[in-house]
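J.: In the working numbering, the protein residues as written are 536 to 668.
Hints should not be assumed to be uniformly reliable.
Listed below are the simulated DSSO-like cross-link pairs for lysine-lysine, each with C-alpha atoms no more than 27 angstroms apart in a straight line [claimed, not checked]:
id: 1; residue 1: K632; residue 2: K603
id: 2; residue 1: K635; residue 2: K603
id: 3; residue 1: K634; residue 2: K559
id: 4; residue 1: K612; residue 2: K546
id: 5; residue 1: K603; residue 2: K539
id: 6; residue 1: K581; residue 2: K612
id: 7; residue 1: K557; residue 2: K539
id: 8; residue 1: K603; residue 2: K628
id: 9; residue 1: K581; residue 2: K632
id: 10; residue 1: K539; residue 2: K634
id: 11; residue 1: K546; residue 2: K628
id: 12; residue 1: K634; residue 2: K581
id: 13; residue 1: K539; residue 2: K581
id: 14; residue 1: K632; residue 2: K612
id: 15; residue 1: K559; residue 2: K539
id: 16; residue 1: K632; residue 2: K559
id: 17; residue 1: K628; residue 2: K559
id: 18; residue 1: K581; residue 2: K546
id: 19; residue 1: K550; residue 2: K581
id: 20; residue 1: K546; residue 2: K559
id: 21; residue 1: K603; residue 2: K581
id: 22; residue 1: K550; residue 2: K612
id: 23; residue 1: K559; residue 2: K581
id: 24; residue 1: K603; residue 2: K634
id: 25; residue 1: K557; residue 2: K546
id: 26; residue 1: K612; residue 2: K634
id: 27; residue 1: K603; residue 2: K557
id: 28; residue 1: K628; residue 2: K550
id: 29; residue 1: K632; residue 2: K557
id: 30; residue 1: K546; residue 2: K603
id: 31; residue 1: K539; residue 2: K550
id: 32; residue 1: K635; residue 2: K612
Derived by calculation from the structure, the hints in this document are not laboratory data.
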Amino acid sequence: RVGKSVGARLKQRRKDVVFIEKDKGVIDRLRSEGLLVMDVGPIDEKTLLEAGAENADGVVASLGDDSKNLLLTLTAKEINSHITVAVRINEAKLIPKFKKAGASLLIIPEAVGGCRLADAMLGNITDDVIVGK
(Lines of atoms letter the chains of each structure in order from A and count residues from 1; the text may use other names and numbers.)
(Lines give C-alpha, C1' and ligand atoms only; values in the text may rest on other atoms or scores of the structure.)
Protein backbone atom coordinates (compact mmCIF):
# COMPACT_ATOMS: atom_id res chain seq x y z
CA ARG A 1 0.00 0.00 0.00
CA VAL A 2 2.83 2.41 0.78
CA GLY A 3 4.56 1.66 -2.52
CA LYS A 4 1.34 2.19 -4.46
CA SER A 5 0.81 5.58 -2.80
CA VAL A 6 4.38 6.62 -3.55
CA GLY A 7 4.08 5.45 -7.15
CA ALA A 8 0.79 7.24 -7.71
CA ARG A 9 2.20 10.49 -6.34
CA LEU A 10 5.34 10.24 -8.48
CA LYS A 11 3.29 9.43 -11.56
CA GLN A 12 1.13 12.53 -10.88
CA ARG A 13 4.35 14.53 -11.01
CA ARG A 14 5.27 12.94 -14.36
CA LYS A 15 8.06 10.73 -12.98
CA ASP A 16 8.70 7.33 -14.51
CA VAL A 17 7.76 4.58 -12.08
CA VAL A 18 8.17 0.82 -12.41
CA PHE A 19 6.55 -1.39 -9.78
CA ILE A 20 8.17 -4.72 -8.98
CA GLU A 21 5.54 -7.11 -7.69
CA LYS A 22 4.93 -10.84 -7.40
CA ASP A 23 1.34 -10.91 -6.11
CA LYS A 24 -0.97 -11.53 -9.10
CA GLY A 25 -3.89 -9.65 -7.54
CA VAL A 26 -1.76 -6.58 -6.85
CA ILE A 27 -0.27 -6.75 -10.35
CA ASP A 28 -3.73 -6.82 -11.95
CA ARG A 29 -4.95 -3.94 -9.80
CA LEU A 30 -1.92 -1.74 -10.53
CA ARG A 31 -2.07 -2.48 -14.26
CA SER A 32 -5.80 -1.66 -14.31
CA GLU A 33 -4.82 1.77 -12.98
CA GLY A 34 -2.42 2.24 -15.89
CA LEU A 35 0.78 1.67 -13.92
CA LEU A 36 3.82 -0.19 -15.27
CA VAL A 37 4.41 -3.38 -13.30
CA MET A 38 7.08 -6.06 -13.61
CA ASP A 39 5.75 -9.51 -12.71
CA VAL A 40 8.68 -11.12 -10.89
CA GLY A 41 9.64 -13.56 -8.21
CA PRO A 42 12.33 -12.66 -5.71
CA ILE A 43 13.79 -9.17 -5.65
CA ASP A 44 17.43 -9.65 -6.63
CA GLU A 45 20.15 -8.00 -8.68
CA LYS A 46 18.78 -9.32 -11.99
CA THR A 47 15.30 -7.97 -11.23
CA LEU A 48 16.63 -4.53 -10.29
CA LEU A 49 18.77 -4.39 -13.43
CA GLU A 50 15.75 -5.31 -15.58
CA ALA A 51 13.78 -2.54 -13.87
CA GLY A 52 16.50 -0.02 -14.75
CA ALA A 53 18.08 0.52 -11.32
CA GLU A 54 21.50 1.03 -12.90
CA ASN A 55 20.38 4.41 -14.26
CA ALA A 56 17.52 5.20 -11.86
CA ASP A 57 17.42 8.24 -9.62
CA GLY A 58 15.74 6.32 -6.85
CA VAL A 59 14.15 3.16 -5.56
CA VAL A 60 11.45 2.76 -2.92
CA ALA A 61 11.81 -0.28 -0.67
CA SER A 62 8.33 -0.81 0.74
CA LEU A 63 8.02 -4.57 0.86
CA GLY A 64 6.53 -4.62 4.37
CA ASP A 65 9.36 -6.82 5.66
CA ASP A 66 12.40 -5.07 7.11
CA SER A 67 14.84 -7.85 6.20
CA LYS A 68 13.68 -7.84 2.57
CA ASN A 69 13.88 -4.05 2.45
CA LEU A 70 17.41 -4.19 3.87
CA LEU A 71 18.48 -6.67 1.18
CA LEU A 72 16.83 -4.51 -1.49
CA THR A 73 18.70 -1.46 -0.16
CA LEU A 74 22.06 -3.24 -0.23
CA THR A 75 21.47 -4.64 -3.71
CA ALA A 76 20.32 -1.31 -5.16
CA LYS A 77 23.38 0.47 -3.74
CA GLU A 78 25.69 -2.22 -5.17
CA ILE A 79 24.18 -1.66 -8.63
CA ASN A 80 24.11 2.13 -8.46
CA SER A 81 26.04 3.83 -5.67
CA HIS A 82 24.36 7.18 -6.43
CA ILE A 83 20.78 5.92 -6.26
CA THR A 84 18.47 7.40 -3.62
CA VAL A 85 16.94 4.60 -1.58
CA ALA A 86 13.75 5.46 0.30
CA VAL A 87 12.72 2.77 2.76
CA ARG A 88 9.55 1.94 4.66
CA ILE A 89 10.59 0.35 7.95
CA ASN A 90 8.67 -1.22 10.80
CA GLU A 91 11.27 -1.21 13.57
CA ALA A 92 12.98 2.05 14.58
CA LYS A 93 15.83 0.06 16.14
CA LEU A 94 16.90 -0.92 12.59
CA ILE A 95 17.52 2.67 11.47
CA PRO A 96 21.32 2.42 12.01
CA LYS A 97 21.51 -0.76 9.91
CA PHE A 98 19.58 0.83 7.03
CA LYS A 99 21.78 3.94 7.17
CA LYS A 100 24.89 1.76 7.11
CA ALA A 101 23.45 -0.09 4.08
CA GLY A 102 23.06 3.24 2.26
CA ALA A 103 19.39 4.14 2.71
CA SER A 104 18.82 7.84 2.08
CA LEU A 105 15.28 8.24 3.43
CA LEU A 106 13.67 6.20 6.19
CA ILE A 107 9.97 6.32 7.02
CA ILE A 108 7.97 4.50 9.69
CA PRO A 109 4.43 4.91 8.27
CA GLU A 110 2.67 4.50 11.60
CA ALA A 111 4.79 7.24 13.20
CA VAL A 112 4.35 9.60 10.25
CA GLY A 113 0.63 8.85 10.08
CA GLY A 114 0.21 9.54 13.78
CA CYS A 115 1.99 12.89 13.50
CA ARG A 116 -0.05 13.88 10.43
CA LEU A 117 -3.30 12.91 12.13
CA ALA A 118 -2.41 14.98 15.21
CA ASP A 119 -1.49 17.93 12.97
CA ALA A 120 -4.81 17.59 11.13
CA MET A 121 -6.68 17.60 14.44
CA LEU A 122 -4.82 20.80 15.34
CA GLY A 123 -5.77 22.36 12.00
CA ASN A 124 -2.20 22.41 10.72
CA ILE A 125 -2.82 20.29 7.60
CA THR A 126 -5.08 21.18 4.72
CA ASP A 127 -3.59 19.13 1.88
CA ASP A 128 -5.06 16.37 -0.26
CA VAL A 129 -3.63 13.58 1.89
CA ILE A 130 -6.34 14.00 4.52
CA VAL A 131 -9.42 12.03 3.50
CA GLY A 132 -12.84 13.42 4.27
CA LYS A 133 -12.08 17.13 4.14
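J.: Checking each numbered hint in turn, tell me which of them this model violates, lowest number first.
T.: Of the numbered hints given earlier, those the structure breaks are 3, 11, 16, 17, 28, listed in rising order.
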